[in-house]
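Keeping the supplied structure of chain C fixed, place chains A and X upon it in accordance with the hints.
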Amino acid sequence: MADHSGMVEKRGFGLWMTHLGLIIGLLFVFFPIWLALVASTVTQADIMDPPMPLLPGDHFFENYRKALVSGINAPVAWMMVNSMIMALGIAFGKIVISLLSAFAIVYFRFPGRRTFFWLIFLTLMLPVEVRIVPTYEVVAGFGMLNSYSGLIFPLIASATATFLFRQFFMTVPDELAEAARVDGASPMQFFRDILLPMSRTNIAALFVILFIYGWNQYLWPLLITTDPSMNTIVMGIKQMFPSGDDFADWPVIMATSILAMIPPVIVVVGMQRLFIRGLVDSEK
Amino acid sequence: MEKRVTFKGLWLPLLLVLPQIVITAVFFFYPAGQAIWQSLFIPDPFGLSMKYVGLGNFEYLLGNPYYRASFVTTAVFSILVTVVSMGIALYLAVLADRLIKGSGVYRTLLIWPYAVAPAVAGVLWLFMFNTRVGVVSWYLGLLGYDWNHVLNGEEAMGLVVVASAWGRISYNFLFFLAGLQAIPKSVIEAAAIDGARFWTRFRTIVFPLLSPTTFFLLVVNIVYAFFETFGVIHTITSGGPQQSTTILVYKVYADGFVGQDLGSSAAQSVILLVIVGLLTIVQFKFIERRVHY
Amino acid sequence: MATVKLDSLKKSFGKTEVIHGVDIDIKDGEFIVIVGPSGCGKSTLLRMVAGLETVTSGTVQIDGAVVNDREPMDRDIAMVFQNYALYPHMSVFDNMAYGLKIAGTPKAEIAERVDTAAKLLQLESYLKRRPRELSGGQRQRVAMGRAIVRKPSVFLFDEPLSNLDAKLRVQMRLEIKQLQRRLGVTSLYVTHDQVEAMTLADRMIVMNAGVADQIGAPLEVYANPATEFVAGFIGSPPTNFVNADLAGIGNPDAVKLGVRPEHLNVMPSGSGRLAAKVMYTEALGAETLTHLELADGTMVTARQSATEAGAAEGTEVGLDWQDGDEMLFDRNGKRC
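Protein sequences appear in the order of chains C, A and X. With the working numbering, the residue at position 144 of the first sequence is 144, and numbering never jumps. Start counting at 1 in the second sequence, then tack on 284, and there's your number in the working numbering. Start counting at 1 in the third sequence, then tack on 577, and there's your number in the working numbering.
Because the hints were derived from the structure by calculation, they are not lab data. Certain hints may be false.
Cβ pair distances, simulated, as ranges [unchecked claim]:
(1) Ile24/C / Ala466/A: 24 to 30 Å
(2) Gln167/C / Ser882/X: 57 to 63 Å
(3) Gln544/A / Leu20/C: 50 to 56 Å
(4) Thr498/A / Leu122/C: 49 to 55 Å
(5) Thr498/A / Gly12/C: 29 to 35 Å
(6) Thr171/C / Glu752/X: 29 to 35 Å
(7) Asp602/X / Leu122/C: 53 to 59 Å
(8) Ile262/C / Ser702/X: 44 to 50 Å
(9) Asp174/C / Ser589/X: 18 to 24 Å
Think of the CB as a built atom: it goes at the ideal place given N, C-alpha and C, for glycine as much as any other residue.
Isolated chain C, as found in the complex:
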């Protein structure tokens, strides 16, 4: 991808203009992040006396320690643990149930298969935001408010991953399943020994997308985690703003924002190939 040019090659002045244009774009993209980083390393006084400095200060450890250990309502370290459990739970949960049901619809003929297929088809693209009130009531009815299962289950109730795996299983040659049958493999042995190892890349790509999706959830945790110790970091940031006319503790809030970005950024940048693949796959 990188060593290909769709346009006619540019040299000299044109090349520099191209870089300049891209760098302006990068400034737009990174300025908010940079500013947050700077704010997380200075004192509240530096910020309250605008304009704030544009280069990092020397209060990095102080601010981050304060955020991680005590936070404002709850220690941010704890919120990050909550976020991690939620993101991993959503990614694992969705992948597991989707692999199983995709395996069933592709490799078995059972009564109700078509109905099932269309039912899960209906769940595509219908985000939790649209049905929040009744979903909240269901979760509350199960006593799952302020619980990890309450955070996780409603968000894995959609079929995008099932479709993805179905598409992939359809491309696996029929002969492989036949060879496995001749070799005496039971359906679950075929699933475990052949289908799963062959789906590794797809699973990893989807995992990346789902992890970010789970980590970045906002509205749902906001509704069902009233106990600050169950807050996730992304929703916890907003809770750090004081109500009324008090001043926000900007260095701690910005340190928390940076902390909230780090895991997904590591995943996206570190697993760039898988991430892009997952993105393209899940929109097909």
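Frame of chain C; chains A and X shown alone:
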């Protein structure tokens, strides 16, 4: 398309789909059904019983100026987010596509915003434009512009649009870049030999060939602006000032959880459900076409 | 070691019957080739023996036991697939060992059996590789190795050579033949290539549109085809068919006369049984093919030894053949 090979068994496949059926039924179909059911009732003032009102909630909503205003707000907001984000992304993708070396580096950097949650993006932009301490608003003040999105509805809208569009640049950039790189180089070279300059080439050849990507992104971005920007709005404006940034999804939340008006909130959910359904149909129709393109 | 018996075996997909009742008795250790054009039902027939397709009616017996309702693994068969169907994420060793592992064979015995098969197929130095690191011929050998290690009573081959290039195909054909001779395992082999069928088979089944037109030893089928289809399908270049009236055949039932290219003699103009015009000739070295047009526009081919003087293109000639080489077919394409 069907598989030639199938395994025998009845209980095993049913067992395999059971987890998904249970979770989808409990956390998807039941709540969706509840939303539809509740949309036909209003609770009495003490919240003790529900009164059947048929389509009354819908009639009330559609006659309600606030709700109608929210429709307009949502339309303006989604169109602006889509246009701004796709515009910037296309500009960057075209530039990156011109590079033979180094486009990978730019790509690695430009995908960062995807990792930033909308709610966090909201906080970052709120900080820059904060009326008391914001860097950008302070410099605007120096230039004689008094920025105040807390009071000015248009400025509030501008801020949530930019913050939402910012978070979406990565996604659009990646798809535009892939689309551009899929255009055969020979076509563009032929046009260059025909004497077409860059802008002419872009307008007459590149952009038309990019139209499947563009249309796909249009739909996806509108869906994004509709549903996934709640975090941005909640952190920056909480729908204000005077509901000037209350998009439909925000209103479902505000009426249902803050206002405790369940019937109205449910009716709004149903309306959103219909909108999503329509958008899904548009998208699938389009994807079908894209396959044949 | 086992016999295989198919008894009025039929297969329908929905309402369409694709196999219209096939009977055959396969002796222990026999190499049977099922040959026919694509879509004739030969693969379906094989897959019914394998247990990968259900039997609509009739029976499949292996070693005297009806196996219609048995799973593939319980039929004591092994199968080599057209595209090899190797498990892409497993090493050559694991590919061959998978079936044994599932059967719970002790580790030491698995290793021993795989090693033996690998030696037989000259795969010893590739056991750790993945399928994608192998050439086409090597993958083919792995697929056969996977079949061998199971020590089945019946081998089933589904067009195993069709993905190889021509040269490799000839080589692998010989290897398969030798292997089968050495192991003495009853084999069913499906192909659309009549040369493969001729060279490999003890007996061959020529399939046409879901019917076994003829079952017999290759040379017997070649010399004495039961139907017009068999005569046209087996042999290259194919049998020439001439309108019976044009050829002056007395038999009132005969509609067509079939003569093999090597039985046509090109004579000087005016002599022989038919007049023809030489359209073009192909000198292939050892032999020369002469393509001729008859009075009614039918094209026929004569195969001559290269030592014979060929007729020049464009000249008028006569054609002759021996009475004993005549094959007469009625309006249903059957011999008469």
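Hints and how they fare:
1. Ile24/C / Ala466/A: 24 to 30 Å: holds, 26 Å
2. Gln167/C / Ser882/X: 57 to 63 Å: holds, 59 Å
3. Gln544/A / Leu20/C: 50 to 56 Å: holds, 54 Å
4. Thr498/A / Leu122/C: 49 to 55 Å: violated, 28 Å
5. Thr498/A / Gly12/C: 29 to 35 Å: holds, 31 Å
6. Thr171/C / Glu752/X: 29 to 35 Å: holds, 32 Å
7. Asp602/X / Leu122/C: 53 to 59 Å: This hint holds: roughly 55 Å between Cβ atoms.
8. Ile262/C / Ser702/X: 44 to 50 Å: Once the Cβ atoms are compared, 48 Å apart, the range 44 to 50 Å for Ser702/X and Ile262/C holds.
9. Asp174/C / Ser589/X: 18 to 24 Å: With a Cβ separation near 20 Å, Asp174/C and Ser589/X satisfy 18 to 24 Å, so the hint holds.
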